[in-house]
Amino acid sequence: MFINRYREEKLFRALLLIAIVITLSSLFSILFHIISRGISVINWEFITGYPEDMGRSGGVFPAIVGTFYIILVSIAVAAPVGILAAVYLTEYTRQDSKLVRIIRFATETLAGIPSIVFGLFGFAFLVIYLKLSWSIISGSLTLACMILPTIIRTAEEAIKAVPYQYREGSLALGATQWQTIYKIVLPAALPGIITGIILSIGRVVGETAAVLLTAGSSLNLPGSIFDPARTLSIHLYLLTFDGISFQMAYGTATILIILILIINSLANFIMRKMSTGHNC
Amino acid sequence: MHELIIEKLLLFSATTAIMVVCLISIFIFMEGLPVIKKYGLWHFIAGQKWYPEQGIFGIFPMIIGSFYVTFIALFIGIPLGVGCAIFLAEIAPPKLARMVRPGIELLAGIPSVVYGFYGLVVLVPFIREHIGGRGFSVLAAALILAIMILPTIVNISEDAIRAVPREYKEGSLALGATHWQTIKKVILPSAASGIITAVVLGMGRALGETMAVILVAGNVAVIPDSILAPVRTLTANIAIEMGYAADDHARALFATGIILFVLIMLLNLLLALVPKKAATGE
Chain A
1 MFINRYREEK LFRALLLIAI VITLSSLFSI LFHIISRGIS VINWEFITGY
51 PEDMGRSGGV FPAIVGTFYI ILVSIAVAAP VGILAAVYLT EYTRQDSKLV
101 RIIRFATETL AGIPSIVFGL FGFAFLVIYL KLSWSIISGS LTLACMILPT
151 IIRTAEEAIK AVPYQYREGS LALGATQWQT IYKIVLPAAL PGIITGIILS
201 IGRVVGETAA VLLTAGSSLN LPGSIFDPAR TLSIHLYLLT FDGISFQMAY
251 GTATILIILI LIINSLANFI MRKMSTGHNC
Chain B
1 MHELIIEKLL LFSATTAIMV VCLISIFIFM EGLPVIKKYG LWHFIAGQKW
51 YPEQGIFGIF PMIIGSFYVT FIALFIGIPL GVGCAIFLAE IAPPKLARMV
101 RPGIELLAGI PSVVYGFYGL VVLVPFIREH IGGRGFSVLA AALILAIMIL
151 PTIVNISEDA IRAVPREYKE GSLALGATHW QTIKKVILPS AASGIITAVV
201 LGMGRALGET MAVILVAGNV AVIPDSILAP VRTLTANIAI EMGYAADDHA
251 RALFATGIIL FVLIMLLNLL LALVPKKAAT GE
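Residue numbers (the working numbering), protein chains in the order written: chain A, 1 to 280; chain B, 1 to 282.
Read the hints as simulated data drawn from the structure, not as lab findings. Note that the structure is predicted; figures quoted are calculated from it, not measured. Fair warning: there could be bad hints in the mix.
Claimed, not checked - Simulated pairs of lysine-lysine, BS3-like, Cα-Cα distance not exceeding 30 Å: (1) 10/A with 185/B; (2) 273/A with 95/B; (3) 160/A with 95/B; (4) 10/A with 95/B.
Required output: the full structure, derived from the provided sequences and hints.
See the structure below:
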């Protein structure tokens, strides 16, 4: 009886260890496989050059520019709206009001909708109905809708974590509610809010399906936000799906992974700073 | 006055999410419903043939394909993910857990198209050479999806396990139960609602994933007869054909989007029911 119990204990520890080893080794094998083959493709010419022959050779500069355009515009739209929404949800209304519950439901729904459905919506509403055609603005607005839940949720958490005494002190000094939020609460919540924005950037960088249907896949360098563009993710998808060039695909995938590595460590760095800052 | 304007602005921002959800529903249904009405809902959902050039739109193979791939992904992903969550919350020393967590975050951050690319260059040839078939298969798609839904399952289950009151665990250990008995009989049942939430969210992610699946699934619009047969999911159906579809064909793709949208809404509804049930169960 006793022996069985301890055997079981050992067995289960071994199984859990196997689970974590499988998980981490799949991560490392993906990273290793792609980076080891892609890193040799990346050089100055690859980063600053233009694709030639549909992307069989040359560089990925337009895709890099397209990616950054789409990041900037979608964050510029989603961040203010998301932060203000979070302020409303945390500071201006009771948590159990009907409106708040509907907003919460809508936010959760938005977070669950598959990206391809966002793509269909962006295509029907922005590209066709609003006549924005396949462009950076259509792609960015679609993505802004997609990342809105992430920004709202992280901003809400950050605002909630600001100690209550801060607000009371400010209000006691005669500041209005908005002054208190603008000058006291938001600055204190800033690291958490920025972390949410950085994570959203990660999602924008990685998104493909929604952008494919809304931003087009032009190989040209976009001149304005009304031009079509392709992001690095779309470039990788087209290189792979159409079997154009696996070598270039490895290079593009490596750039994407490096971008995500930078984004994740930045988010972690700010998070850690924030938690130490609060302890002081 | 100033304050009042700001409050209105805040309210407006807060309702954006509602407006977006409404706009999405309106536009997807507006574009997709005509074709469902024209050919009949039953024919559309239960039709086994998808020949868009001849105006035959049956998405039954894609519905089966989506669920086939999703369930196998869950079958692999749930034990792995919950195992990792138990390990991180209960076994691993805090230092080790802190080292593993960025790895899980990285898994969540890697773009889906990169997963798809990896699946195409590594998994598909591996399956073709060592297991059989052409490689582009249900199995390849499910394996890639299983890895992709791991972060969702691990993070939410881990939170749920950590939220179990310390006293429960201490009481069980004090009664002489081993660690595993405590986990199996006390911690996991208490964390059940959180773990179910994790699984449902993971399922939503797997059903909605597009790019990773397209690159490894083979995309043949026929009901797969084995795990090694090629498969096309609802998402892939839209993404592959949207580029060149016109008229009824394009509308049929929007209608595919409606089915996907409704499925995800049903999952969300299920999610809203989960915590209540678990709470009354205690």
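Now the hints, each set against the structure:
1. 10/A with 185/B: Roughly 17 Å separates the two Cα atoms, so the pair holds.
2. 273/A with 95/B: holds, 18 Å
3. 160/A with 95/B: At roughly 28 Å apart (the allowed maximum being 30 Å), residue 95/B and residue 160/A satisfy the hint.
4. 10/A with 95/B: Within the cut-off at roughly 22 Å; holds.
Hint compliance for this structure: every hint is met.
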